[in-house]
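Trainee: Residue numbers (the numbering used here), protein chains in the order written: chain H, 1 to 392; chain L, 1 to 325.
Mixed in with the good hints there might be a few duds.
From the structure, some residues in chain L lie toward chain H, with a derived Cβ separation under 8 Å [unchecked claim]: (1) Y56; (2) F57; (3) L82; (4) L86; (5) S89; (6) I90; (7) V100; (8) V108; (9) R118; (10) T122; (11) L185; (12) F290; (13) R292; (14) A314; (15) A316.
These are computed hints drawn from the structure, not numbers from a lab. Being a predicted model, the structure only gives us computed values, none of them experimental. No residue lacks a Cβ here, since even glycine has one placed at the ideal position from N, Cα and C.
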Amino acid sequence: MATTQTTRRQIPEWLESLVGQLGALLLALIIALAIGSVIIVLYDESPLDVYGAIVEYSFGSAEGFGYMLVAATPLIFSALATAVCFKGGMFNIGVEGQYIVAMAFAAAAALWFDFLPGPLLMWAAIVAAMIGGMAWASIPALLKVRTGAHEVVTTIMLNGVAASLVAWIIGGPLRYEETGGGYNVNLRTDPFADNAMIPDLGHLLGIRPSVKLTWLFPAAVLTAMVVWFIMRRMRLGYEARAVGSAPGSAQAGGISIGGVQIRLFLLSGLLAGLAGMQQLLGDQGFLPVGYEAGLGFIGIGVAFLGQNNPIGIIFAAMLWGVLARGETALQIETDVPREFVIILQGLLIMTVVITYQIAKRRLLTRQLRREAEVEQAPPPSEPTAGDEEVAA
Amino acid sequence: MLDDLGAAFAIALTYFTIIYLTGLGGLFSERSGIVNIGLEGMMIIGTVVGSAGTHYFTLPAPEGFGWGLPWGPIMGLLLGALAGALFASIHALATVTFRVDHIVSGVVINLVAVGLARFLSTVFFGQATQSDSGQPAMHTIDIPLLSSLPLGLGKAFQELSPMVIVAVLMVFPVTYSLYRTRWGLRLRSCGENPEATRSLGVRVAPLRYQAVLLSGALAGLSGAFLAIEVNLSWNEGQTQGLGFIALAALILSNWNPKRLMVAALIFGFAQAVPLRLMDAPVLRSIPPEFVRMTPYLVTIIVLAGFVGKVRPPAAAGKAYEGGTT
């Protein structure tokens with residue numbers, strides 16, 4: 001009895017939780033793939049072939065790999081934005097609104113500052129996007145801190161406001177002025193100058209420029225690492241965890257809860273602002289109406305999948321990219337409709353959320369039981385037993 | 001001018017129906033203590049399944065059979081509600097049984113609904129984003145007396161879908177069941193203090209399951225109404241965030257079914273203005289986009305406590321450790 005107790009206690013807690021999380025992820029993957037297999041079989045296809053085709057389309061060729069990374073890039077940003085707030089015990093559902101407002105800011109900068117030479121214009125647009133995202137995120141943050149309005153509801157409402165606001169901006173101040181060209185003149189902005197665009201990275205790796213793999217992908221990975229550093233090694237991260245896990249103690253420890261919440265929301269908005277850049281400055285070069293790709297909501301799913309860990313998020317976003325790429329694979333290689341991939345994505349998130357929850361519960365109960373055992377354990381027959389009891 | 005006002009009011013009644021039904025769904029769920037931001041997703045499932053139900057049950061009825069009722073739309077509405085309830089059972093399973101955070105589960109519900117709707121659409125209609133247009137709807141009705149109002153105002157009460165009447169009358173059974181029955185009392189007490197409810201021998205989990213399923217059924221019915229009676233077909237994205245507007249109306253109503261009617265009517269009117277009243281004197285100078293954002297803005301202002309005060313059910317969204325009891 002005594003030996004088992006000591007060996008169990010020797011497993012460090014972080015390792016136990018990591019194993020638990022990975023186990024939960026694996027279990028979720030297996031369940032999702034198994035349910036997916038049932039659907040595949042209903043379409044008279046072999047699950048192995050179908051899953052094989054999905055993987056093949058991302059890892060079988062440089063081009064496919066590029067497409068996968070392009071799909072992952074914006075999701076890294078939007079998932080990071082969600083995760084940052086999560087660490088502080090808040091739920092930013094407004095990433096969707098924040099990134100579309102940021103896109104409008106970036107488009108305005110790219111069009112109005114077109115006198116800037118060289119890459120300066122691109123940087124101006126990117127900085128404008130960050131400012132736009134932060135500005136939109138500051139509204140729920142201030143409302144929460146000043147009035148106590150819950151951020152979940154205010155961000156949902158602000159998403160609705162943002163969609164209408166940006167539709168108005170595109171139809172009004174940023175309206176497409178050039179005539180001809182075959183476009184519906186009301187539904188997009190002017191095209192940006194070439195130097196507003198993020199330079200292509202793919203041609204260095206032998207990937208066609210039409211894949212649109214830009215320097216934004218390495219920038220996204222770098223951003224994830226910076227966020228990891230901030231949340232793990234800097235004061236804001238420490239304070240965020242304190243506020244997120246025990247606001248009362250945090251306050252007693254001299255942390256200004258409101259201040260931390262506002263700073264986290266601003267950081268979240270900044271990251272959200274970058275989510276639209278792949279589409280705006282990496283691909284299209286203008287802002288159309290109806291650009292909402294749901295990146296904010298998918299980002300929440302990716303953040304769950306990566307357990308709000310910046311490094312986990314990189315891989316989760318890439319997994320999402322593999323699945324997104326799988327749509328093409330299904331359409332070309334199999335009889336299963338491409339929408340099957342979306343079902344698979346949904347199944348995966350759903351199962352992940354539940355299995356993580358179960359894993360978390362198990363860890364917690366095990367921890368509680370261990371504490372109870374320590375309390376209830378009869379004092380070992382050693383001379384120090386009496387001291388321990390006094391200390392307890 | 002008054003002609004337009006009448007027509008706008010008719011559109012407002014249509015949107016009122018959508019917002020009110022969905023809002024009632026949210027009401028049951030949140031009054032039982034389960035926050036439901038997945039209403040939009042449940043509506044989406046209702047739209048696609050409702051449309052499919054109409055599609056498959058619209059058959060030429062044999063002579064003297066079916067009592068002359070429009071069975072296609074009726075079956076569509078019922079199946080839409082059923083599908084909404086089935087889909088909501090995922091939310092119930094996650095939040096009640098597995099104690100997943102309500103917001104997390106709601107977000108996932110919305111995320112999954114979009115994909116599931118596309119998938120179901122390929123199964124039902126062979127295409128991912130729409131059904132064949134021009135499906136049959138129910139016979140419209142004119143309201144006696146009101147429909148003959150002078151100055152074009154009567155237009156508001158002509159050619160209404162029967163579902164509008166159903167939605168208006170819904171306030172009676174809902175209010176009765178929530179405030180006059182044992183079930184309603186227990187449901188509400190689950191939302192205020194589940195521990196105390198449990199200590200009185202009432203099982204919390206089954207009541208919450210019922211509330212969330214009911215919530216899904218109402219949202220699904222609302223979605224089916226939108227697809228069958230308003231748009232006459234299924235189109236991807238046709239809910240346009242109305243589920244969130246219903247949520248806004250619910251908050252504004254302070255989780256009260258009678259006040260929800262008022263909120264839903266006002267927000268329904270806000271939806272109708274850009275469609276029908278853009279030539280009216282004052283409204284002419286306001287861009288339609290700004291009219292569309294008013295429901296959201298009003299909700300934020302009220303929530304921030306600048307005007308009025310709202311109080312959600314005390315236990316809504318809180319973890320309840322009782323698990324399956």
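Trainee: Take the hints in turn and mark each one as holding or not.
Mentor: Checked hints:
no.: 1; hint: Y56; in the structure: 19 Å, violated
no.: 2; hint: F57; in the structure: 23 Å, violated
no.: 3; hint: L82; in the structure: 20 Å, violated
no.: 4; hint: L86; in the structure: 14 Å, violated
no.: 5; hint: S89; in the structure: 12 Å, violated
no.: 6; hint: I90; in the structure: 7 Å, holds
no.: 7; hint: V100; in the structure: 5 Å, holds
no.: 8; hint: V108; in the structure: 5 Å, holds
no.: 9; hint: R118; in the structure: 4 Å, holds
no.: 10; hint: T122; in the structure: 4 Å, holds
no.: 11; hint: L185; in the structure: 27 Å, violated
no.: 12; hint: F290; in the structure: 7 Å, holds
no.: 13; hint: R292; in the structure: 5 Å, holds
no.: 14; hint: A314; in the structure: 14 Å, violated
no.: 15; hint: A316; in the structure: 11 Å, violated
When each numbered hint is compared with the structure, violations occur for hints 1, 2, 3, 4, 5, 11, 14, 15.
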